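Chemist: My request is simple: use the sequences and hints to build the entire structure.
Protein chains: 4
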Amino acid sequence: MQFLSDNAAAVHPAVWQAMKDVDAADAPYDGDRASAALDDAMAALFGKEVAVLWVATGTAANCLALSTMVPPHGGVACHREAHIEMDEGGAPGFYLHGAKLLLCEGDHAKVTPATLAATLDPIRDDVHQVQPHALSITQASEYGCVYSPGELAALDAECGKRGLAFHMDGARFANAVAFANRPPAEVAGPVDALSFGFVKNGGMSAEAIVFFDPALADVARYRRKRAGHLQSKGRYLAAQILAMLEKDIWLHNAAAANGAAAEIASACAERLLHPVQANEVFMACTAQEREALRAQGFSFYDWGEGAARFVTAWNSRAEDAQALARAIGGL
Amino acid sequence: MQFLSDNAAAVHPAVWQAMKDVDAADAPYDGDRASAALDDAMAALFGKEVAVLWVATGTAANCLALSTMVPPHGGVACHREAHIEMDEGGAPGFYLHGAKLLLCEGDHAKVTPATLAATLDPIRDDVHQVQPHALSITQASEYGCVYSPGELAALDAECGKRGLAFHMDGARFANAVAFANRPPAEVAGPVDALSFGFVKNGGMSAEAIVFFDPALADVARYRRKRAGHLQSKGRYLAAQILAMLEKDIWLHNAAAANGAAAEIASACAERLLHPVQANEVFMACTAQEREALRAQGFSFYDWGEGAARFVTAWNSRAEDAQALARAIGGL
Amino acid sequence: MQFLSDNAAAVHPAVWQAMKDVDAADAPYDGDRASAALDDAMAALFGKEVAVLWVATGTAANCLALSTMVPPHGGVACHREAHIEMDEGGAPGFYLHGAKLLLCEGDHAKVTPATLAATLDPIRDDVHQVQPHALSITQASEYGCVYSPGELAALDAECGKRGLAFHMDGARFANAVAFANRPPAEVAGPVDALSFGFVKNGGMSAEAIVFFDPALADVARYRRKRAGHLQSKGRYLAAQILAMLEKDIWLHNAAAANGAAAEIASACAERLLHPVQANEVFMACTAQEREALRAQGFSFYDWGEGAARFVTAWNSRAEDAQALARAIGGL
Amino acid sequence: MQFLSDNAAAVHPAVWQAMKDVDAADAPYDGDRASAALDDAMAALFGKEVAVLWVATGTAANCLALSTMVPPHGGVACHREAHIEMDEGGAPGFYLHGAKLLLCEGDHAKVTPATLAATLDPIRDDVHQVQPHALSITQASEYGCVYSPGELAALDAECGKRGLAFHMDGARFANAVAFANRPPAEVAGPVDALSFGFVKNGGMSAEAIVFFDPALADVARYRRKRAGHLQSKGRYLAAQILAMLEKDIWLHNAAAANGAAAEIASACAERLLHPVQANEVFMACTAQEREALRAQGFSFYDWGEGAARFVTAWNSRAEDAQALARAIGGL
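Protein chains in written order, with this note's numbering: chain A, 1 to 331; chain B, 1 to 331; chain C, 1 to 331; chain D, 1 to 331.
Source of the hints: derived by calculation from the structure; they are not laboratory data. On a predicted model such as this, the values are computed, not experimentally measured, just so you know. A few of these clues could be false.
Stated by the list, open to error - When the alpha-carbon atoms are kept at most 25 Å apart in a straight line, the in silico DMTMM-like pairs for lysine to aspartate or glutamate are as follows:
#1 A:LYS247 to B:ASP23
#2 C:LYS20 to D:ASP126
#3 A:LYS20 to B:GLU246
Modeler: Next comes the structure, spelled out in structure tokens:
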């Protein structure tokens with residue numbers, strides 16, 4: 001029973017089918033009909049005009065989006081635990097040509113106006129220090145927590161005041177929407193670009209960069225090719241995204257993963273390091289307890305010395321989650 | 001009847017099947033069993049130890065390979081018509097952090113020792129000029145021509161003399177092997193790394209970088225992640241490559257494409273701009289003649305004012321190629 | 001008798017004096033009074049508002065200026081013989097983060113609207129090819145030739161049509177002005193930024209980047225610091241430039257160098273490879289003839305197999321130039 | 001009475017004289033006799049073979065040195081308060097092509113084996129996290145404190161164990177040597193390269209990068225040109241360094257600055273934030289106290305809310321330091 005991550009789960013049948021459906025040769029790169037349909041599909045979802053690019057990974061999505069907002073001599077404010085800081089192998093340094101990440105504190109891996117200010121206010125406005133040009137946040141956060149519309153608006157006000165572009169890493173955006181139970185546009189808030197993740201949620205190899213400012217997308221198209229991310233058979237990526245959007249599979253899948261996490265969380269409410277709002281459970285437990293769980297067939301990651309991380313996926317089996325909940329209850 | 005390019009053709013059924021076969025969750029990134037099997041599969045093909053990385057595009061393959069060979073202050077010798085110079089949107093400048101392409105002449109888009117020397121000899125060995133660190137050639141070349149083992153050995157001798165690493169862009173390496181009818185190791189010759197293409201030859205989204213020097217692969221792994229090219233469900237890429245290697249599908253597909261090109265070429269031997277050795281036909285013809293062909297239902301690209309380019313694919317239908325040959329004969 | 005280059009000549013006495021005059025501690029970096037005086041001094045010279053930054057080298061001046069005009073995924077059109085292409089050790093690749101130089105032909109190392117079009121027109125406007133964002137020319141050119149106001153206007157029209165920024169490498173701008181005998185603003189023409197050289201013309205270590213668009217200067221200030229070119233005792237650089245501008249030393253020095261070159265050129269009019277308009281003479285001559293000149297005590301560079309290059313400096317002695325002219329006459 | 005910084009002080013008379021002495025034209029760039037003499041002069045000082053490059057700024061010295069040690073995908077461990085992190089406008093990101101600074105804690109801005117381990121040990125050795133390739137420390141530190149030979153040896157042992165290159169930012173190396181009263185080689189310890197500062201210590205515009213590993217210097221030469229830091233009249237920079245080394249002016253100047261700082265420190269021993277070992281005094285004091293001092297004619301920087309920073313220079317007048325000491329005593 002695997003709770004290591006959602007990032008290697010199987011591909012949803014509807015995604016497979018959609019990929020097969022575009023198998024016949026079409027125009028290469030993003031000239032095909034599926035790629036052409038992305039803008040409208042996402043515009044319908046968000047209720048406003050957008051420009052959408054597919055890429056194969058969340059790292060590429062985040063860094064390409066940011067590369068349209070931040071000059072090489074600039075900086076990006078983000079949480080100290082942000083994926084772009086911790087887990088992208090220095091990709092922001094590569095894609096932004098040496099621009100700097102300016103690290104903010106914040107509970108549950110969420111930036112607040114106050115923690116943003118604590119990082120940015122001490123930066124002297126002179127050439128000796130790297131100036132911020134953008135804020136990047138993660139929705140849901142790296143600890144599985146969701147920014148509310150009010151929190152997003154407050155951060156947006158800070159961005160406006162400081163002249164910062166606003167980016168959202170939505171590797172688990174679907175889980176955030178499923179949790180919030182609000183229209184996607186409210187969960188994305190007023191960001192300039194959203195890395196909308198599908199791979200962890202039933203896709204195979206396609207993430208969407210949703211640009212709410214089409215001028216940024218025009219730059220991103222050149223940057224995508226330059227990064228070797230313009231696949232010649234792009235139709236197979238576009239088809240994945242379209243399939244996920246159709247019939248709200250993205251939302252159903254995320255709700256399923258969230259539900260499994262909630263099941264597990266219900267068994268360890270008093271041990272939780274972070275509220276469980278998406279599909280990740282961070283639970284305090286001893287090494288001995290972790291051993292006991294593993295002995296019962298559960299696989300998961302240690303989270304430092306005194307905790308464990310369980311991640312559920314779109315296809316986590318209810319009985320597995322229930323079994324884990326029981327096992328935790330029995331510790 | 002489409003002869004525009006081979007880069008958007010359908011995916012081979014065996015590739016589809018292999019992808020389905022790895023659908024069950026496995027370790028993420030390249031920790032899965034399919035990825036782990038790549039080194040041995042390619043070692044068997046080339047008859048020597050290799051280290052293999054999958055990536056989604058040929059541009060990424062070429063540039064990642066070169067990034068292990070060339071420092072940011074260095075240069076890469078290549079043909080003036082090389083894909084890395086002409087068609088990768090500046091990706092070498094990005095991946096190599098501003099290193100420079102040093103352009104060589106040569107018939108049929110092939111570099112020779114003499115044309116290499118003509119470009120490199122005038123470079124003063126001082127800090128005011130960018131020094132060469134690698135040679136990159138394309139096999140088959142951008143004009144569909146194949147380097148012979150002797151030609152490769154001669155270039156390798158130049159590389160040795162000049163202290164250059166040696167890279168091969170093998171976007172159509174399979175077509176070169178099918179033409180040469182020699183073991184892949186002879187067609188790759190003594191290069192340090194080969195970008196071995198599968199996408200144009202029946203794959204969906206996987207190219208292999210084959211490092212004959214494993215130390216370079218260790219660097220490339222970091223660079224791949226940093227470029228956002230380490231897909232979390234890498235098993236679907238590895239499976240594509242393995243499927244193509246198994247039962248020599250890569251070779252059969254390439255032979256089929258080459259055969260279709262030969263069929264077309266046979267109808268216009270006296271009009272050919274380049275020998276037809278792989279799956280591309282460059283034919284002198286007037287605008288009027290091109291119009292006549294298009295009127296008969298053939299699609300293809302103009303090649304400048306006075307020529308046309310026909311590209312065949314692994315699944316080009318014999319009857320289509322024959323029809324085109326007849327139509328050309330009737331001009 | 002040295003005619004190798006003007007780039008290592010002694011420093012003009014007025015420059016020495018001005019440097020001594022700012023020896024007392026002042027604000028660091030460019031906060032000092034001399035640095036503050038640069039904008040006005042240059043505005044007076046050019047008859048319009050400008051923003052001026054000092055840097056230590058022409059390479060830094062050129063590349064910093066261009067870095068404000070060209071994104072990393074863009075390109076810079078320039079002559080195939082331009083200093084930025086031939087002699088800056090790949091600095092444009094570094095400062096522009098991998099942007100590409102797009103090389104143009106043109107007699108006497110001068111770009112024309114036609115040669116610019118020949119390079120840029122074939123670039124497809126798609127993401128597979130690097131798009132031009134700026135034109136950089138050299139005034140006087142690398143072969144010592146001067147663009148006329150009409151030629152500059154014609155290039156500017158092309159830039160306007162193509163959406164290109166316009167940069168001038170003026171390592172020998174003073175010599176161009178001295179030749180043209182026109183106001184500096186006419187010799188600079190309609191460029192967005194000028195690298196105005198002083199080092200070859202009697203300065204020690206200060207070049208000026210003159211931005212006619214102040215917004216670009218604001219970016220350049222960050223880039224200068226980031227490149228390690230913001231010297232803490234910047235007043236010694238500013239003082240050099242101010243000293244050269246005062247009493248028109250820059251112009252007198254250039255006129256002197258031009259005069260010496262003209263003296264030499266007068267002895268070999270029929271052998272000249274390029275018109276002698278500034279302070280460089282490119283003369284056809286055999287290896288034997290070069291040997292004969294060297295035997296008489298003249299030092300200079302070979303220019304390929306069949307030519308010699310003589311460069312005069314602000315302090316070349318008239319009798320040396322006359323002696324060389326006589327020696328050439330006696331060949 | 002100025003105690004703002006040492007970075008804009010006047011130039012030492014011997015430096016002026018040495019610059020005048022090389023005024024006659026010599027070979028350009030670093031081909032002149034003064035530049036050629038640097039290796040031997042520094043080898044004599046350090047008692048071992050070295051390769052020396054001049055550059056105009058400490059930022060360029062640090063970043064060029066590090067660029068020879070760290071690949072673009074790597075990281076540099078340094079103190080959180082290091083100049084390369086805090087005051088170089090992102091230059092490490094530029095020169096190292098996006099490599100990352102890995103920040104360490106440590107009293108008095110000094111890294112220790114324990115604080116280094118605290119930063120590096122949590123980094124997983126996989127491609128998702130940036131791996132350290134070098135350690136950079138500052139001698140004397142940003143808070144004016146000096147690493148002892150034992151401390152350097154302990155750090156070097158860590159570097160050896162972890163496979164890190166070792167760089168020393170010696171913007172105030174002279175002050176460290178004057179404090180330690182030991183041979184320079186002991187104060188530099190076992191580093192691979194030292195940025196040896198002269199500008200703050202009586203020079204005008206020349207810092208030395210001293211490479212104890214000559215192979216690194218060979219790379220640095222290309223990088224220096226590429227960064228626009230190879231001045232054509234390099235002899236004026238080399239002359240500054242030679243003049244400072246001759247007759248131990250560098251050491252006398254540093255001792256004088258240190259002495260003035262000690263004088264000030266003696267008046268506020270109980271208020272010191274850091275031991276005063278070089279030429280910087282960090283003193284706890286209220287805003288009111290700072291106002292009182294300024295009212296008496298002393299200029300200096302606030303250091304946060306509750307402290308002041310006084311920096312002495314090679315030419316700080318003894319009577320000024322005494323006056324400041326008295327004024328502090330009278331608070």
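Chemist: Does each hint hold? Answer for all of them.
Modeler: Results of checking the hints against the structure:
For the given pair, LYS247 of chain A sits about 22 Å from ASP23 of chain B by alpha-carbon distance, which is consistent with the 25 Å threshold. The suggested pairing of LYS20 of chain C with ASP126 of chain D is violated, with an alpha-carbon distance near 56 Å, which exceeds 25 Å. Of the pairs offered as hints, the one joining LYS20 of chain A and GLU246 of chain B holds, with about 22 Å between alpha carbons and a cut-off of 25 Å not exceeded.
Hint compliance for this structure: hint 2 alone is broken.
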